[in-house]
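Participant: In the order they appear, the protein sequences are chains B and H. The letter at position 16 of the first sequence is residue 16 when you use my numbering, and the numbering goes up by one with no holes. The letter at position 123 of the second sequence is residue 123 when you use my numbering, and the numbering goes up by one with no holes.
Since the hints were derived computationally from the structure, they do not count as laboratory data. Check the hints yourself; a few may be wrong.
Claimed, not checked - Every beta carbon over 10 Å from chain H, so not counted as near; a handful from chain B, in silico: (1) L16; (2) K22; (3) L56; (4) M141; (5) H230; (6) E312.
To be verified - Covered stretches of chain B (chain H as the covering partner; in silico rule of three or more C-beta atoms under 8 Å from a C-beta of chain H): (7) 204-218; (8) 255-262.
Idealized CB from N, CA, C, for every residue including glycine.
2 protein chains.
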Amino acid sequence: MFKINDNYLKLPGSYLFSTIGKKVAAYTAANPDKEVIKLGIGDVTLPLAPAVIKRLHSAVDEMAVKETFKGYAPDLGYEFLRTTIVENDYKARGCDIAADEIFVSDGAKSDSGNIGDIFAVDNKIAVCDPVYPVYVDTNAMAGRTGVYNPETEKWSDVIYMPCTKENNFVPELPKEEPDIIYLCFPNNPTGTTITKDQLQVWVDYALKIGAVIIYDAAYEAYISTENIPHSIYECEGAKGCAIELRSFSKNAGFTGTRLGFTVIPKELKCGDVMLHSLWARRHGTKFNGAPYIIQAAGAAVYTDEGKKETKEQIAYYMNNAKIIRDGLTGAGYEVYGGVDAPYIWLKTPDKMTSWEFFDYLLENLNIVGTPGSGFGPSGEGYFRLTAFGSLENTKKAMERIKAGKA
Amino acid sequence: MFKINDNYLKLPGSYLFSTIGKKVAAYTAANPDKEVIKLGIGDVTLPLAPAVIKRLHSAVDEMAVKETFKGYAPDLGYEFLRTTIVENDYKARGCDIAADEIFVSDGAKSDSGNIGDIFAVDNKIAVCDPVYPVYVDTNAMAGRTGVYNPETEKWSDVIYMPCTKENNFVPELPKEEPDIIYLCFPNNPTGTTITKDQLQVWVDYALKIGAVIIYDAAYEAYISTENIPHSIYECEGAKGCAIELRSFSKNAGFTGTRLGFTVIPKELKCGDVMLHSLWARRHGTKFNGAPYIIQAAGAAVYTDEGKKETKEQIAYYMNNAKIIRDGLTGAGYEVYGGVDAPYIWLKTPDKMTSWEFFDYLLENLNIVGTPGSGFGPSGEGYFRLTAFGSLENTKKAMERIKAGKA
């Protein structure tokens, strides 16, 4: 008789966005005349850039003709894309990463979920709290997280590193030694960042204790402040301890187009085994390459036209972020993030819980956001708004915040 | 100190296609005037069908405009595609599969590799021998296969089911009881099939012993013979014991476009846990949907135009298959497969090993194929040719076979 992976049964339900959906639907049904503005969504809304569209069309045309048709892609990604990534994202920033250390994939969610495959079950993971749920859930599926306690909303074998206003949302080195450390900067959900010096502390720590850092840099394109690292490889020694995850989802609007990559430097080793070899084997065995037309479109993001157009999109979202920051600050809220990231993280007023504030915003101002507690216990008392709405709706939402009513 | 997944270190190198590549490169370098014909490749060569190209272009146009732009896809696939699949691939064949039992993915390789995630490590797997290597390798990565013996080329904890001319390439029920049974029909690499009655025996057996069948039907579009099942759900009771994997790679030339799906009926359970729920959780946590434009193109395969055009492509390949079968038979070879599948499996002549025959074909006839032993020990003494070349090259290769020289 076959047996299932029991670890799946230990997972708590993932009810955050479905609960939000149900509450919004109920409110809308009861108040059909109210215009609800959604600033909870973590998905882009602007269409793909013209340079990307143009390349998608020309790549489709290549697939229509025998002479230029492309069958199976190289498992690890087309050379043209890997080279372009290395030149633009790494060499241009002084990071010595080689094209064959880039593994092209269908996105950072898959990579951040699958990367656990190459590690033993008995590794202790450390995560920020609040956190993107995929890191923890996928480790739970692998049996790496112990027992879940619904009271504390924590797993027994996970090291949680609180990120609150008290530590400026930068985690402190944990007391207990982890084996695998997940870091995401600019951060989802808090929208805050880490300086190069602060990140260097983590790299030094990982090298000292023999831990590996899984560094999620999916939001690096939103960085505007000097001295905020775009890549962990800007830190000395990082090639010996860090894996970096990147995405085209937020820098070029590829959430529905799917493209990302993982960087594993060859000098990152366990004994004399390169993690690079293990991931190459995993990628080559359980994945068959991202579609040619999507990889071609990804390379178009790095053309002069593509860079200009995607920068404009980011500027559009970051203008929304500024409007939200200014609007909330003007209305007396404590506001974090939103400078180098498309997320604004605010402290709920009057000691409201995250969900109480959700209900207040929905019912009184007709604005939808995301309760901070949905991202982990230390998110309680915080709330996330995103800059991915339209300019018009963002402005309208801030007028409601100012007026204290819809 | 972090620890790696040691199971990866037990994997033997996957040298089949790289050894072939090296041998061909060496021969070509030494004989630059010779025209080498490649019939080893398992990849399609015809361009995408016009109906697919047309839909790709229109979907790209949708992504260019704010009003029709698509962000994150539904985790489990767009409703329009899931419904189309169900109508055409299942209801039309009398299989009662629901749209929400279809999980759209980026291909059957990913799915056949990832499906192991939802099962416990201590399940015993059974595979055909010869076999598509992904089934075994991904189970080895999960620690499910025991120790590899390089002498026998077998894992200690895997049940191998020989498929040779003696059993007409249909495996016999194993003596030792497996928990998970991998079956692929029409088969890669042997190109042979199984009748509905023969498959019913497997379904009945799985139901009796409480095993789950992972049924890879990636080549079902090549079936022309009556009474060969296109889906395992044509067998009675299969919804209680079988997961089916499908692909757009070979029926519509999507090898470089990437689209597939897995079917998990809700009545397939372990105790009271639906495998459907586990896979939904896995898919939703470690995957972010196939690209919208690719899913739209996938639906175009099922339009009248799309069906007509992809049928013509399959007819083109199957005409090649007939030419190869006839050519080989006429030259006195023992030939199998190639009737309901794009693969032709032949017995090497004069007791040559698979690799000896490879060298003979390359050096004397300048034809490249794939040694059967590369797919497992019972493939020794067999050889695979594929129908995916051009008509011209296929004919030319058979002229060389007939003449016994290039």
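Participant: Compare the structure with each hint and give your call.
Facilitator: Quick rundown of the hints versus the structure:
1. Once the 10 Å rule is applied to beta carbons, L16/B is consistent with being away from chain H; the minimum gap is 13 Å.
2. The Cβ of K22/B lies farther than 10 Å from every Cβ of chain H, with a closest approach of about 17 Å, so its non-interface assignment holds.
3. Against chain H, the non-interface label of L56/B is violated: not every CB pair exceeds 10 Å, the least being about 4 Å.
4. For M141/B, the requirement that its beta carbon stay farther than 10 Å from each beta carbon of chain H is not met, with the minimum near 7 Å.
5. Even its closest Cβ contact with chain H, about 23 Å, leaves H230/B beyond 10 Å, as expected for a residue assigned away from the interface.
6. Residue placement check: E312/B keeps its beta carbon more than 10 Å from all beta carbons of chain H (closest about 14 Å).
7. Beta-carbon proximity to chain H at under 8 Å applies to 4 residues in the segment 204-218 of chain B; the threshold of 3 is reached and the given coverage holds.
8. Requiring three or more residues with a Cβ within less than 8 Å of a Cβ of chain H, the coverage given for the segment 255-262 of chain B holds, as 4 such residues are present.
Hint compliance for this structure: hints 3 and 4 are not met, and every other hint is.
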